[in-house]
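**Student:** Same order as they appear, the protein sequences are chains A, B and C. Residues 0 to 334 in numbering that gives the first Met the number 0 are what the first sequence lists, from first letter to last. Residues 0 to 612 in numbering that gives the first Met the number 0 are what the second sequence lists, from first letter to last. Residues 0 to 331 in numbering that gives the first Met the number 0 are what the third sequence lists, from first letter to last.
Just so you know, the hints here were simulated from the structure itself, not pulled from any lab data. Watch out, some of these pointers could steer you wrong.
[Said to hold, decoys possible] No farther apart than 25 Å at their CA atoms in a straight line, the calculated lysine-lysine pairs in the DSS-like style are these: (1) C:LYS61 with B:LYS271; (2) A:LYS67 with B:LYS435; (3) A:LYS243 with A:LYS224; (4) C:LYS193 with B:LYS274; (5) B:LYS271 with B:LYS208; (6) B:LYS274 with B:LYS546.
Bear in mind the structure is a predicted one, so any value in this text is a computation, not a measurement.
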Amino acid sequence: MEASDFREQPAAVGASADLVEIDPTAIAARTPWELFSRRFREDKLAMAALIFLVVLILVAVLAPLVVKLFGAPGPDERDTGALDPFFATPTGPSSAHIFGVDQIGRDVFSRTLYGARVSLIVAFSATALATLAGIVAGLLAGYLRGWVDTLISRSVDVLLAIPYLLLATGLAAACTLGEAGGGGAGCLGGLIEPGLGVVIFVIAFTSWTYMARIVRGQTLSLREKEFVEAARSVGASNTRIIFKEILPNLTAPIIVYASILIPQVILYEAALSFLGVGVTDQPSWGQMISDATPIFSDAWWYMLFPGLVLLFTVLAFNLVGDAMQDALNPRAKKT
Amino acid sequence: MRLKWLRLLVPVGALLALVFVLSSCGGDDGGGDGAATTGVPEEFAPVTAAPDGATEGGELTVLAAGDIDYMDPGAAYYTFSYMVMQATHRTLLSWDPDDVEEPTPDLAEGEPQISEDGLTIEFTIRDGVRFSPPVDREVTAADVEYAIERSTLPGVANQYVATYASAIVGYDAAANQAADDPTGGAPDIEGVSAPDDRTLRIELAAPPKVAIARVIAQMLSLPVSAPVPEEYAKEFDAKNPSTYGQYVAFTGPYMVENDSETGELTGYTPGKEIKLVRNPNSDGDATGDFRPAYLESIEIQEGFTDTASAARKILSGDGQVNGDFPPTPAVQKEASQEAEAEQFQLPNFPGYRHIALDTQAPPFDDINVRKAVIANSDREALRNTRGGPLLGPVATHYISPGFPGFEESGGLEGFGLDYLANPNGDPELAADYMRKAGFESGKCEGAECEITMVGDNIAPGKDTAEVFKGQLEDLGFKVTFRPVDHAIMYTRFCSVPEQQPEVCPNVGWVPDFRDPQAMLDVPFYGPTIDPENNSNWPQLDVPEVNKAIEEARLVEDEAERAEAWAEVDRLVSEQAPAVPWIWEHYPLVQSTDVAGVVNLYNASWDLAYTSLK
Amino acid sequence: MLRYIIRRILWSVVLLVICSAVVFAIFYIFPTADPAKLRAGRAASAEQIELIRESLGLDDPKHEQFLRYLGGVFTPYKNEEKGVDGPFDLGTSFFQNNTPVSEIIFDRLPATVFLVSGAVVIWLAIAIPVGIISAVRQRSLLDRATMITTLAFISAPVFWLGLVALYLFAQDVGQFPIFPGIGSYNDAETFTGKVGSLILPWLVLAAATAAIYARYLRSQLIDVMSEDYIRTARAKGLSERRVIWRHGVRSAITPIVTLLGLDVAVLLAGNAILTESVFNIPGVGKETVTAIGQSDLPLIQGIVLFGAFFIVIFNLIVDILYAYLDPRVRYQ
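Same shape as in the complex, but just chain A:
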């Protein structure tokens, strides 16, 4: 329920409106993969978005090849000839540089392609980390209840009360300070390295809370269900009940929430990069837009293209996420 500033709140919206209403047992009972995929494929727009994302992932993985295919220079190659001879200002789209060049003559097209790597790596790993942390915390709280539940729930309350974007920015900055040139920097005594590591950690650290709340709520209701009671009565261990009975029934809400989280994480990463505390050793979209800011009125191409690709990527993830939510939970179908 935060963050109107740079990302949407489907987390909150979902949590309070749709997700809570999912009856996981009901879905599990009548939603095999086929049903889901048939419903999903009905949504043409989501299918288009999915194709876009597959292409994007391929481009990110095969970036060097794609760049070569287009005959573009590498992301770090500097073409001084593409700068104004007297004032060294960058030049716009041309046949040699289809998206123009940045202020030191690097090709914006190939940097944009490479930028997909950072966005996707951070998106998937931070989401995975946050989801994992959320599942563990939520399961423990919901299943064990008592003081464990109190502790975890209250921690979530506390974290939710701290303005996370400021916290993340401050934390990322503090973690980059470090002592020595090279070693010693980072957080938790150097455990977390500056750069990609810090960004993923910081994003996950401030994003696991909603997942934990959802999982906790679901677990609380699941543990009272008959099939869990039954398993317990035949002497199944807690571990077994959690992994065999409860977790499988949580798949649907977890997938839905994770799919909502991904686009948010992408915007989150871009925001951190824009504020100068993100990934710095490779091109990223947020960082490109940040670099373009001082010259946006003169070199419009530099801010425009990375921004558009970022927009389309987030939009595609949102479309796919929505469609997945609808397909898993037809009762809350939106369109």
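Chain A is already provided as a structure; the job is to place chains B and C on it using the hints.
**Tutor:** Leaving out everything else, chains B and C in the frame of chain A:
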């Protein structure tokens, strides 16, 4: 002698360092204006005198990206701060915008009198100069004495006096006393005294050296010699840090707006604005103040981090000039092509920017690797990150154009060293040097080629760093670049040898005096390597260079001195400790209705000479 | 009711104490940086750093340092020299002449409040009609177009949207120079001038939230309209307009109040940082960027904690409001 560093470049591309362009007091008629020697087109040459019949009155607005470093004249040290200090204080000596060859007596009646044995320096203070309200009394020599003495307090945080003053009798003892008892008030420096209200006497310890006495006299044109009323400042200075910066008393034609009862500066909101108004107690001409002070008031607005739009606003607006930031290259282009005459000016900025290579650790402890890096470096591409050719020539050595010793060092051509010959870089020569260093392939290979670079996190410094990173990678290095805030780059990395990365791409040096010693002594003299505030960023410590520096310091004759320091320049350049890449011109912009005057001393607008049309 | 309120207030206070602890821990324990060196800044000698370490009490045990910090948070500060006081003592900034942190925050707050309140008005003014029309015309072409457009706004990074808006409409550099551009907030001296300078930032900041609210309202309304009592109302022969407004919208809009409270709190707490950066509005978020650039730990810490304070208070208000509206909550 403890030497402190200076720096160029602040967050947001603003220029940070205070330029010390002191001339030796003995007089020096040589040199010329920087524009002529470095090829600034005539149309962009700086205007250094007010027009005839300049208009009185009106308000000037100065747009700035960042803030001054200190309001306390005992601590102020940035170019931008100096712009404010020059308009609000009367220092013993100060700077006529047009005359950078030597400082002009200001609070002092005339030139400092240096005794023949070089053991005492005397200044005679002018009659009738008064402090701004609420102090309101006449300035005496004791106020300057106090100003110098309080500069030893840790709470005042002066960064340069100690560099020059240890030759003053009792200075080191006073500094130690202040360090031991930072809240016990300013210690007495035995060698600084005011025998009467009009005389300030400075005594130096033997053995006397006229050259050293001159340097100390020159230092007193810096803001530290602005008088401070002890009875008023005492209570502020009893704190650590001192709070005098919030209650400064002024003697210049302008003052920061203040509360006339308490003296608290109401016109200064750090990071937001500084409001300068006329100092009611300034009598101008009557007390020998040479500054005309045409403007009625000056409003310095800070926080214009979007420097492109701020510069455009100035060009198209009314009554505005730029403060601490250069316009972006695109705006420079516009200004030079479309703006009216004199709206865009390019004063020469003494000093150089260089990329320091850590000579104490692998791989750059090998001189051939360093030469290879320099040979490979496309310095024109580095220069392009700050603008084009208009922004200044590619440096080929260290002493900058227009400075004594520049011609003796071979001028723009330099010493003819092969690795500094091609401004676009010479990859083949670089490969040769790499082979000499034992890398058969001509590229750096192995674990020691994984290096760290710490540089700026914003343009243009960040761009420079990234371009250089690319150039290193072309030579086979694996570079980890850590972009940080400019100040952090210095205080936590590049100026702390223990934390020093292999490459510091965003350092620069502005000389302390208009003397070649100031160009080279601090940044390349081995014994000055300081564990906390090092300015010898390459950590160059070569006996041959050290010896040449020690000898050159004592040379008194102007011409011989220039030769001696040119020799030091050659020895340093031959050691290849850094990549010198620009002798810079600093771009200034003003609105069409402003008759701006540039003070060549710190290459920025002189507020006390500028007027509105 | 009173007992519920007291309980909530007590929990809020506890929450704030814990938040202070967490914020303190995060900024003093996580990073390896030495606060004494950070405060000393440039050109500090080893002795000066030692003095600072002493004066900040950095060698004291961590819990003592924390208690001292906490003590400050809950006691009013008085700057006798300047004759200013304020509700909290959050320490003093490393930079900016050692100005008290709370003084800096209170100085920057008005700009943020102005920015956020205007944006709230705009996003509600857009979201409510759009949401209702979409819901009423469910599955029409208009509805589909609206849903895609809103999703696009939700997906656009706000800082990029700001740049694009400036590139298109700013008076100084825009292709269609209509609205005041970057930094105009600082220049504007009159109230109307400030309002004008904030039009673009308001629109940009409101865009994503307006889209979220429109979508949310739409789905709420669709749910509500299928409820039994709506059918009853229709069956009674009430006009469709009356059914939608009197019965549908009224109950669909209630949960929005909760969202609104929290969104406003988070934005006031500094999440407008990106918009403030792009448009150079001297608010709390912009100050954070400066503070981070200078590693001004007390200031960053103070702003984060101050933000937490906002969020906790707004949560409290929303909860109490809800308890008042919906008596069931109290007995949970």
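**Student:** Compare the structure with each hint and give your call.
**Tutor:** To see whether the hints hold, each was checked on the structure:
no.	hint	result
1	C:LYS61 with B:LYS271	35 Å, violated
2	A:LYS67 with B:LYS435	35 Å, violated
3	A:LYS243 with A:LYS224	14 Å, holds
4	C:LYS193 with B:LYS274	21 Å, holds
5	B:LYS271 with B:LYS208	46 Å, violated
6	B:LYS274 with B:LYS546	49 Å, violated
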